[in-house]
Structures are given as C-alpha cells and as structure tokens.
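K.L.:
Sequence:
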Amino acid sequence: MSSALPYKKGLHGIDPYIPGKRLEEVVKELGLRQVIKLASNENPLGCSPHVTEAVAAVLQAPSRYPDGGSSELKAELSRLTGLGPQQFVIGAGSFELIAFVAETFIGPGDEAIMPTPSFSWYGTVTKLQEGRIIQVPLTAHRVDLDAIKREITDKTKVIWLCNPNNPTGTIFTSEQLSRFLQDIPSSIVVAMDEAYCDFVTGGQGYPDTLNWIGQYPNLIVLRTFSKIYGLASLRIGYAAASEETAGYMNRCRQIFNVNAVAQASALAGLKDAGFRERVYENNRLGKEYFYKAFGELGLDYIPTEASFIMVHTGQDSDTLYQQLLKEGVIIRPGSAYGMRKWLRVSIGTMEENRIFIEALRKVLKAPEAAGSSKN
Numbered sequence: 001m002s003s004a005l006p007y008k009k010g011l012h013g014i015d016p017y018i019p020g021k022r023l024e025e026v027v028k029e030l031g032l033r034q035v036i037k038l039a040s041n042e043n044p045l046g047c048s049p050h051v052t053e054a055v056a057a058v059l060q061a062p063s064r065y066p067d068g069g070s071s072e073l074k075a076e077l078s079r080l081t082g083l084g085p086q087q088f089v090i091g092a093g094s095f096e097l098i099a100f101v102a103e104t105f106i107g108p109g110d111e112a113i114m115p116t117p118s119f120s121w122y123g124t125v126t127k128l129q130e131g132r133i134i135q136v137p138l139t140a141h142r143v144d145l146d147a148i149k150r151e152i153t154d155k156t157k158v159i160w161l162c163n164p165n166n167p168t169g170t171i172f173t174s175e176q177l178s179r180f181l182q183d184i185p186s187s188i189v190v191a192m193d194e195a196y197c198d199f200v201t202g203g204q205g206y207p208d209t210l211n212w213i214g215q216y217p218n219l220i221v222l223r224t225f226s227k228i229y230g231l232a233s234l235r236i237g238y239a240a241a242s243e244e245t246a247g248y249m250n251r252c253r254q255i256f257n258v259n260a261v262a263q264a265s266a267l268a269g270l271k272d273a274g275f276r277e278r279v280y281e282n283n284r285l286g287k288e289y290f291y292k293a294f295g296e297l298g299l300d301y302i303p304t305e306a307s308f309i310m311v312h313t314g315q316d317s318d319t320l321y322q323q324l325l326k327e328g329v330i331i332r333p334g335s336a337y338g339m340r341k342w343l344r345v346s347i348g349t350m351e352e353n354r355i356f357i358e359a360l361r362k363v364l365k366a367p368e369a370a371g372s373s374k375n
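The UniProt record's numbering puts the first residue of the sequence shown at 1, with every later residue one more than the last.
Do not rely on the hints blindly, as some may be mistaken.
Said to hold, decoys possible - Below, simulated DSS-like cross-link-like pairs (lysine-lysine); rule was C-alpha separation at most 30 Å, straight line:
hint : residue 1 : residue 2
1    : Lys37     : Lys271
2    : Lys21     : Lys149
3    : Lys362    : Lys326
4    : Lys326    : Lys21
Unchecked claim - FRET-style restraints, in silico, Cβ to Cβ:
hint : residue 1 : residue 2 : range
5    : Gln34     : Glu243    : 49 to 57 Å
6    : Glu243    : Pro6      : 20 to 28 Å
7    : Pro217    : Tyr17     : 24 to 32 Å
8    : Met350    : Glu130    : 41 to 49 Å
If you're looking for bench data, these hints aren't it; they were derived computationally from the structure. Note that the structure is predicted; figures quoted are calculated from it, not measured. Glycine included, every Cβ here is placed at the ideal spot set by N, Cα and C.
All chains, full assembly: derive it from the sequences and hints.
P.N.:
Listed below in structure tokens is the structure:
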C-alpha cells in the first residue's frame with residue numbers, strides 16, 4: 001500500500017546508486033580465500049605513508065570539531081594552483097560536490113545535459129532538483145561536444161562533462177574544450193569532473209582547466225582525493241570556481257561536512273609528489289600489460305587515459321561478471337552503462353592484473369569467444 005507522505009517529486013524514477021561489491025562481502029558469500037577487487041577504480045597502492053602519520057596525529061583529539069572551512073587545505077590548494085582560497089569548495093568527495101552544483105544551479109523544469117554513458121550521478125542529482133536530464137550519446141566512445149551544443153535550449157542550466165570520461169577512459173583536448181566554451185552561452189554552467197585527470201599521459205593536449213577559470217567564470221572544476229591520492233574511504237574532494245560561484249556553492253555545504261581526518265590526509269597527500277608518481281607509473285605499466293594481454297586474447301579494448309579500461313568480450317557482461325566472481329575477481333559489468341558485451345576493469349597491482357587476465361582467459365574458454373558484436 002502506497003503512503004500518503006509528501007515525498008519529493010524528484011525522487012520518483014531514481015534508482016539508488018549501487019557501488020561495486022566489497023571484498024569482505026564476496027569472501028563471505030562464496031567462501032573464497034583470495035579475492036581481488038578491480039571494480040571501483042580504487043588506488044591499488046593504498047595511500048601515502050605521510051597520510052597515516054597525519055591520521056595518527058589528528059586522532060589524538062577526536063573530541064574537537066574539524067575546521068568547518070578547511071582553511072589549511074584551501075591555503076595549500078591556493079599555493080599549488082595560484083587560485084585564491086575563496087575559489088575552493090571542499091566536499092565529501094565528488095558525489096557531494098556534484099550535488100552542490102545541482103543544488104546551486106538547477107531548479108524544477110530546468111535542463112542539464114550529460115554525455116552517455118558517463119557517471120550516472122549527474123543525472124541523479126539533476127532529477128533530485130526536479131530538473132530534466134538530456135543525455136547525448138558518445139561518438140566512437142568519446143564525449144561529443146558538438147552534439148552536446150546542439151542540445152542546448154533556453155532551459156539549459158548545467159552541462160556535465162567527465163574528462164577522462166567514466167567508463168570509457170577517453171578525453172577531449174584543450175582545443176576542443178576551448179572552442180566549446182567559446183561557442184556556448186556564458187550563462188550555462190560547465191561542470192568539469194576531472195576525477196581521473198592525474199592519470200592522463202603527457203602529449204595528449206589535456207586541458208589545464210584550473211588556469212581557465214578566470215577566463216570562463218561559468219566553469220567549475222571538480223577533483224577528488226579518492227583516486228591517485230588513495231583516500232576513497234575518507235570522502236574528500238574539491239571544486240574550483242570563480243569566487244562568486246564558490247561562495248554560492250558553499251551555502252549548500254553543511255558546517256562540518258568534511259571531518260578532520262580527511263582534511264589532514266588530503267593535506268598530507270598533496271605534499272607527497274613521490275607517492276603520486278609511483279601510482280601513476282603503476283597505472284601506466286598496468287595499461288601496457290592489459291593492452292598486450294587483450295591483444296593476445298583477441299579482444300578489442302578502448303585505449304584509456306584513466307585508472308580503468310573497457311574491454312569488449314563478445315559475451316554478456318552480467319554472465320561474465322558472475323563467472324569472474326566465482327574465480328575471486330570483482331569487476332564492473334558493462335551492462336551498468338548500456339555496454340552489455342563490455343567489462344570495465346580497474347588497473348590494479350601487476351599481480352592483480354595477472355590474476356584477472358588468467359581468470360578472464362579461463363571463463364572465456366578460448367580467444368575465439370570474442371564475437372564481432374560491439375553492443
């Protein structure tokens with residue numbers, strides 16, 4: 001029996017976000033001794049040793065409230081980027097920051113545009129504000145900025161972009177983005193999700209968006225400490241924008257939205273460039289290994305600029321997901337993105353990568369299993 005309670009209209013038609021299975025969950029369900037998780041794009045090397053030291057220091061005073069303005073973290077971000085401290089919004093990871101953008105700019109009847117497949121949370125937060133999400137298909141697995149421009153109407157308030165795009169790992173260049181920003185109305189917010197920007201290889205023409213905010217006040221850059229910094233469980237990230245936009249977004253923020261452990265960890269992570277370089281190099285080598293292994297298996301894949309890769313198996317991804325699970329390997333089935341014959345695999349340690357390839361080889365039975373369909 002349905003309730004007469006006044007649930008918000010924006011909640012209708014929204015499916016809860018389903019994260020990847022936890023290691024402990026799979027071990028318990030299947031009784032396996034060894035399980036590896038390559039489903040959630042987590043950092044396979046953990047976090048900087050400086051972070052563990054910072055956490056120990058903060059935990060000496062857990063009874064104290066955290067810095068409600070994340071002032072030390074903003075000061076360090078300002079020093080590193082040249083932006084003013086008041087141009088930053090600190091949030092509990094990209095999820096909260098994306099929600100702040102929607103809360104600040106989207107209202108009932110407004111439209112927001114996103115590429116598809118991409119990060120589904122953009123659509124969720126738009127609907128929560130009773131807005132309408134317009135989805136624009138990728139072209140050759142890449143965000144099609146020209147196609148997005150064609151969908152702009154007088155109701156468009158926000159354009160969500162993910163660069164590198166999740167789940168395809170592809171990027172658009174500085175030249176392409178510059179032309180796009182010049183062509184669209186300056187009244188439309190462009191929310192640039194750069195969760196995986198630290199994994200992009202050089203020479204690709206990747207845009208330095210933090211330096212563009214002065215020229216394009218409608219640009220908001222979203223970054224996270226979950227990926228290359230390895231702080232996913234602590235939930236912390238930042239938005240960079242014009243001082244005016246950051247001021248409005250901060251009005252959406254709870255007073256103590258980011259805890260003291262997360263703030264101290266992010267600050268420590270920013271100061272350890274050596275750790276980030278090791279993570280980047282592990283990711284680069286992992287990509288090369290996967291490219292070679294997929295080639296030997298006769299499988300197509302999408303060259304990636306992120307910490308994950310999409311591989312086309314020619315078989316139903318949900319079936320392969322269950323088969324790999326029984327082998328102790330957790331991946332992300334492409335069906336979650338409308339790519340039912342693809343798998344998204346996080347790049348792990350070299351040992352984890354090898355375990356995955358051996359498990360994949362086993363469940364596919366033979367290289368010929370990769371069919372010609374590209375759905």
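K.L.:
Are the Cα positions of Lys37 and Lys271 separated by 30 Å at most?
P.N.:
28 Å, holds
K.L.:
State, for the Cβ atoms of Pro217 and Tyr17, whether the hinted interval 24 to 32 Å holds or is violated.
P.N.:
31 Å, holds
K.L.:
Given the hinted pair Lys362 and Lys326, is their alpha-carbon gap at most 30 Å?
P.N.:
Roughly 11 Å between the alpha carbons, so the hint for Lys362 and Lys326 holds.
K.L.:
Between the alpha carbons of Lys21 and Lys149, is the straight-line distance 30 Å or under?
P.N.:
37 Å, violated
K.L.:
Taking 20 to 28 Å as the stated bounds, is the beta-carbon spacing between Glu243 and Pro6 within them?
P.N.:
37 Å, violated
K.L.:
Is the distance from the Cβ of Gln34 to the Cβ of Glu243 consistent with 49 to 57 Å?
P.N.:
51 Å, holds
K.L.:
So the hint says 41 to 49 Å: do the beta-carbon atoms of Met350 and Glu130 match that?
P.N.:
Distance hint for Met350, Glu130 holds at roughly 47 Å.
K.L.:
Take the C-alpha atoms of Lys326 and Lys21, compute the straight-line distance between them, and say whether it is at most 30 Å.
P.N.:
Roughly 13 Å between the alpha carbons, so the hint for Lys326 and Lys21 holds.
The structure does not agree with the numbered hints 2, 6 stated previously, though it agrees with the rest.
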